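*Asks:* The lines below spell out each chain.
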Amino acid sequence: NAGVTQTPKFRILKIGQSMTLQCTQDMNHNYMYWYRQDPGMGLKLIYYSVGAGITDKGEVPNGYNVSRSTTEDFPLRLELAAPSQTSVYFCASSYSPGQGDGYTFGSGTRLTVV
Amino acid sequence: GEDVEQSLFLSVREGDSSVINCTYTDSSSTYLYWYKQEPGAGLQLLTYIFSNMDMKQDQRLTVLLNKKDKHLSLRIADTQTGDSAIYFCAGPLYGGATNKLIFGTGTLLAVQP
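If you read the protein sequences in the order shown, they are chains P and Z. For the first sequence, the numbering used here gives the first residue as 1, with consecutive numbering after it. For the second sequence, the numbering used here gives the first residue as 1, with consecutive numbering after it.
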């Protein structure tokens, strides 16, 4: 049971490049989330999904896209990277977020846009 | 919308108690959480409390909830150097929708030996 796995761990992008941050979980969780963490700003919700085929915007969705074709995978796509997207990105999943289970987080992807 | 606020930094000496505070704006009945983030790692669920409780104790951890003041606190007894980390409180976003959590800014706890 690996939990939530994110790849890559680190990445440097040039302005205007695109990339996909991968996230997969093996716990059969329906709920999955993408957050970004900036120093002193806490975590901001980018997108979330309540099940395969269903996604919705969070607080800061601009510049990002997601898809959820399977229960296990929830990739985050950056189409035209900008310096403002330099951040640490966390994927999380949950079985029953309204019942006190909380979220299981991946170890994060540190992205730098130069 | 929901807002969750924390102080940014707390320094304590090893063996002392630490108290990390959090205020929130949403008043819906649901769970409130405390997470711990060690350097270079993701967030790990520490404990949670349901909003109909005033207190929850779990070994060295005590969570206090004051619903009237919308104030949540985490007390760590006998703080150890291994407790040095960033601590986040989290609550539901958008009027109690429990499938989305909003996180505070995090409190960096520094434990001095």
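For the record, the hints were derived by calculation from the structure and aren't laboratory data. One or more hints might be untrue.
To be verified - Below, computed lysine-lysine pairings styled on DSS-like, alpha-carbon distance capped at 30 Å:
no., chain 1, residue 1, chain 2, residue 2
1, P, 57, Z, 70
2, Z, 67, Z, 100
3, P, 44, Z, 100
4, P, 44, Z, 70
5, P, 14, P, 44
6, Z, 68, Z, 100
7, Z, 70, P, 14
8, Z, 70, P, 9
9, Z, 36, Z, 68
10, P, 9, P, 44
11, Z, 67, P, 44
12, Z, 56, Z, 67
13, Z, 56, P, 57
14, P, 44, Z, 68
15, Z, 70, Z, 100
16, Z, 56, Z, 68
17, P, 57, P, 9
18, Z, 67, Z, 36
19, Z, 70, Z, 36
20, P, 57, P, 44
21, Z, 100, Z, 56
22, Z, 36, P, 9
23, Z, 36, P, 44
24, Z, 100, P, 9
25, Z, 36, Z, 100
26, Z, 56, Z, 36
27, Z, 56, Z, 70
28, P, 57, P, 14
Quick caveat, the model's predicted, so the values are computed rather than measured.
*Asks:* When the structure is checked against the list of hints, which entries are broken? Sort them ascending.
*Replies:* 7, 8 and 13
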